[in-house]
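S.K.: Assemble the whole structure, with the sequences as input and the hints as a guide.
For the sequence shown, this note's numbering gives the first residue as 14, with consecutive numbering after it.
These are calculated hints, taken from the structure and not from any lab test. What you are looking at is a predicted structure, and each value in this text was computed from that prediction instead of being measured. Even glycine gets a Cβ: it sits at the ideal position worked out from N, Cα and C. Among the clues, some could well be false.
Derived DSS-like pairs (lysine-lysine); straight-line CA-CA distance at most 25 Å [as the list claims (entries may be wrong)]:
1. Lys61 / Lys27
2. Lys27 / Lys115
3. Lys61 / Lys44
4. Lys22 / Lys115
Pairwise CB distance ranges (calculated) [stated by the list, open to error]:
5. Pro20 / Ile58: 15 to 25 Å
6. Asn28 / Ala65: 10 to 20 Å
7. Lys61 / Thr153: 28 to 38 Å
8. Ser130 / Phe33: 34 to 44 Å
9. Ile58 / Ser103: 48 to 58 Å
10. Cys76 / Gln17: 24 to 34 Å
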Amino acid sequence: MARQTIPHKIRTAKNEDVPFIVSTWLNNYRKGSDFTKRPQIIPPIYFKYHHAVIERILIRQSCRAVVAHAPEDVDTILGFIVWETGLLLSLPRDIVHYIYVKEPFQGLGVASSLVTSCGFDPFSIYFTHHTRDRKDQNPTSPTFGKVRWRGAETLLKKWPMAYTQETTDKRHPNFVDGNLYVPWLI
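M.R.: Okay, here's the thing in C-alpha cells:
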C-alpha cells in the first residue's frame, strides 16, 4: 500500500512567519521535551530564556528557515524546519534545530519534504532539540494509547541517530551510522 501524502509546497520563511515559528517552537518543545519537564525549569524561566535561545539562533547568518504551506495559500503554514549550514560554522555536518508539522498533517510526508528541500544529508546531521513522540492520554478518545504527536523520535526511525560517539569502525559496540544529538550547539 502506498504511503498517503498531502499536497503542499515549500518556500523560504518570510519575516511575517517568524512569530509563528518562535511561538510554535517554544510551546511545542515545552510539551515534547524531557529536558523542559525537569522540576527546576518552571514555565516563566523556560519561556523567558528559551525564547532568547530561539531568537539567537534565528538571527545567525548561517540559519535557514523553510516552511511547508497549502498549495493554494502561501500563508497557511503546515510546518517548518529551522537549520544551519555546518559549512558556515566550520562543522562537518549541518545542524537541524527544529522541525514542526501541525498535528493534522503529521505522517503525510510534510516533514520528509521539508528535510529533503534543505539539501543536506539527513543521515548525517547534528540536531539540537530532541522531542519525544506523545501518545493520546485521553481514555475517551478513539486514538487513546496511539501516537498522536510525532516528535524527533519518529524522524529518527527513518534517519537514525548515533547515540554515543562517531566512529567508522562498524565492529565497535558504539557504532551507529546516523545523526548526533548535540544540544550545546544552540
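S.K.: For the range 10 to 20 Å, tell me whether the beta carbons of asparagine 28 and alanine 65 fit it or not.
M.R.: At roughly 19 Å between Cβ atoms, alanine 65 and asparagine 28 fall inside 10 to 20 Å, so the hint holds.
S.K.: Going straight from one Cα to the other, do lysine 61 and lysine 27 come out at no more than 25 Å?
M.R.: At roughly 24 Å apart (the allowed maximum being 25 Å), lysine 27 and lysine 61 satisfy the hint.
S.K.: Lying within 15 to 25 Å: is that true of the beta-carbon distance proline 20 to isoleucine 58?
M.R.: violated (41 Å)
S.K.: With a cut-off of 25 Å on the C-alpha distance, tell me whether lysine 22 and lysine 115 pass.
M.R.: Since the Cα atoms of lysine 22 and lysine 115 sit roughly 15 Å apart, the hinted pair holds (cutoff 25 Å).
S.K.: Are isoleucine 58 and serine 103 spaced within 48 to 58 Å by their CB atoms?
M.R.: violated (32 Å)
S.K.: Lysine 27 and lysine 115 were given as a pair; does the straight-line alpha-carbon distance stay at or below 25 Å?
M.R.: holds (18 Å)
S.K.: Is it true that the C-beta distance of lysine 61 to threonine 153 lies inside 28 to 38 Å, as the hint says?
M.R.: Between lysine 61 and threonine 153, where Cβ atoms are some 36 Å apart, the hint holds.
S.K.: Please test the hint of 34 to 44 Å on the beta carbon pair from serine 130 and phenylalanine 33.
M.R.: violated (18 Å)
S.K.: Just to be sure I understand the hint, the distance between the Cβ atoms of cysteine 76 and glutamine 17 should be within 24 to 34 Å; is that true here?
M.R.: For glutamine 17 against cysteine 76, whose Cβ atoms are near 32 Å apart, the range 24 to 34 Å holds.
S.K.: Quickly compare the C-alpha distance for lysine 61 and lysine 44 to 25 Å and report which way the hint goes.
M.R.: Judged against 25 Å, a Cα distance of about 16 Å means the pair holds.
Taken one by one, the earlier hints fail for this structure at numbers 5, 8 and 9, listed in ascending order.
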